[in-house]
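Novice: For the record, the sequence lines run as chains A and B. Each residue of the first sequence is one higher than the last, beginning at 403 in my numbering. Each residue of the second sequence is one higher than the last, beginning at 403 in my numbering.
Just so you know, the hints here were simulated from the structure itself, not pulled from any lab data. Careful, some of the hints might be misleading.
Said to hold, decoys possible - Calculated lysine to any residue pairs in the SDA-like style (CA-CA distance at most 20 Å, straight line):
#, chain 1, residue 1, chain 2, residue 2
1, B, Lys463, B, Ser544
2, A, Lys420, B, Phe573
3, B, Lys420, A, Gly437
4, B, Lys420, A, Pro552
5, A, Lys420, B, Thr424
6, A, Lys420, B, Leu559
The lines below spell out each chain.
Number of protein chains: 2
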Amino acid sequence: MTRTAAALIIGDEVLSGKVHDTNSHDLARYLRALGIELSRIITVPDRVEVIAAELNALRAKVDLVFTSGGIGPTHDDVTIDAIALALGRETVRHPALERSLREHLEERCTDDHLRMAMIVDGTELDFGPEGAAPWPVLILGSIFILPGIPQLFRAQLELLRPRVSGSERAFVVESAFCAADEGRLKPFIDAVVSAFEDVAVGSYPRFRDGDDGYNVRITFDGRDPARVREARERFVASLPAAWLLSTEP
Amino acid sequence: MTRTAAALIIGDEVLSGKVHDTNSHDLARYLRALGIELSRIITVPDRVEVIAAELNALRAKVDLVFTSGGIGPTHDDVTIDAIALALGRETVRHPALERSLREHLEERCTDDHLRMAMIVDGTELDFGPEGAAPWPVLILGSIFILPGIPQLFRAQLELLRPRVSGSERAFVVESAFCAADEGRLKPFIDAVVSAFEDVAVGSYPRFRDGDDGYNVRITFDGRDPARVREARERFVASLPAAWLLSTEP
Chain A
403 MTRTAAALII
413 GDEVLSGKVH
423 DTNSHDLARY
433 LRALGIELSR
443 IITVPDRVEV
453 IAAELNALRA
463 KVDLVFTSGG
473 IGPTHDDVTI
483 DAIALALGRE
493 TVRHPALERS
503 LREHLEERCT
513 DDHLRMAMIV
523 DGTELDFGPE
533 GAAPWPVLIL
543 GSIFILPGIP
553 QLFRAQLELL
563 RPRVSGSERA
573 FVVESAFCAA
583 DEGRLKPFID
593 AVVSAFEDVA
603 VGSYPRFRDG
613 DDGYNVRITF
623 DGRDPARVRE
633 ARERFVASLP
643 AAWLLSTEP
Chain B
403 MTRTAAALII
413 GDEVLSGKVH
423 DTNSHDLARY
433 LRALGIELSR
443 IITVPDRVEV
453 IAAELNALRA
463 KVDLVFTSGG
473 IGPTHDDVTI
483 DAIALALGRE
493 TVRHPALERS
503 LREHLEERCT
513 DDHLRMAMIV
523 DGTELDFGPE
533 GAAPWPVLIL
543 GSIFILPGIP
553 QLFRAQLELL
563 RPRVSGSERA
573 FVVESAFCAA
583 DEGRLKPFID
593 AVVSAFEDVA
603 VGSYPRFRDG
613 DDGYNVRITF
623 DGRDPARVRE
633 ARERFVASLP
643 AAWLLSTEP
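Just chain A, same shape as in the assembly (with noise of 0.2 Å):
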């Protein structure tokens, strides 16, 4: 089984440019390493009808979706609402985030605050394989519920590592960096897409930092790493040798 996921980036700091999103770089990775495929990555306005219809046409195509922010206490925070708008669920109060909300803050301990302990009905709580998290991932069915503070983002995928887990091989990659521009390089890139149909290659030209052009990576990704190895070597063996830079970055 090879599952597919998708990343839905719910801010709009974001699409104003007020910040750069890390969250789905670092879950692209973290998936990458599962040997799960992250297919999409959305990023959508604070609005919950617009949430709502972008989470149901990714759970329409993939198997897992992984959202991002929305989901402190205050007006813009409108994930919760939004998931539960699109499953046509209510929202409750859980009593495990409420008492954990109010040991935590005490005398200090508003309303306000208890907004946090909302979820959509349903949801199951993973504080973790020790349960030591401070906060848990919400999960309902395909759909985990991560804040968007990149550290805890972060943090919360490392607590579902167990459960996200599967029995995929994780994806590898290898790379060749070439001098010759991509149209050059295209006839040996071609020879080894058409030998290798288990890898897939990839072709980026980049700039070079304090050199007047560009080189161009050439990736090899798949799942089993002799085969990889063996496309990049083939690869390589069929090249002009001044063409090759460097096999490492």
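Keeping the supplied structure of chain A fixed, place chain B upon it in accordance with the hints.
Specialist: Showing chain B alone in chain A's frame:
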């Protein structure tokens, strides 16, 4: 008239975590300064049918679509074919692009290079106000087709500025950095949200370097600098003095 826009980021390299996309963030900041609302960022794999479907979905939702990536000559460059599919048009080789490639590459120019001269029938080429750009932006009605290499993406956004600029007023933002948590800030935030319907208020908790806890950045966004400033000042004046850390990042 207030236009909306979307970014369509095309690239397996982003979804596989090999590259952290910066183009969507650059586009967000660029549109912000022009007063255009970025309402969606969608990252898709290098697959013709997927790109075409997402492009058509975006075209139905926003006024302008900016694509990034997939316009080189290699097998994983499928953006032109995808746009042709989405619009139900043919691809054709453009004489000016072919001439440009042949002049630049001279005897090194191959048929593989000339794949970069393929455009969707009806595409307009914009070489910029002085015609000095080495490579034009490809424009198809409301679709702006940009390269994925960040330096080229930014250069082409600049080239497009006169064309994309409209009558919208630029967005401006002001901030207040607060020491209290969101739950305690919420009543003060809600008051300013109610009083300033023309100002979008955002609340963003964040970890602080070298500190045990985190603070909250409250942002005030709008097109009228005086109203945005007034909203921030009203909010700041309402707070217990010890809660305000700064109005500068």
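Novice: Starting from the hint list further up, note which numbers the structure goes against and sort them upward.
Specialist: Per hint list: zero violations.
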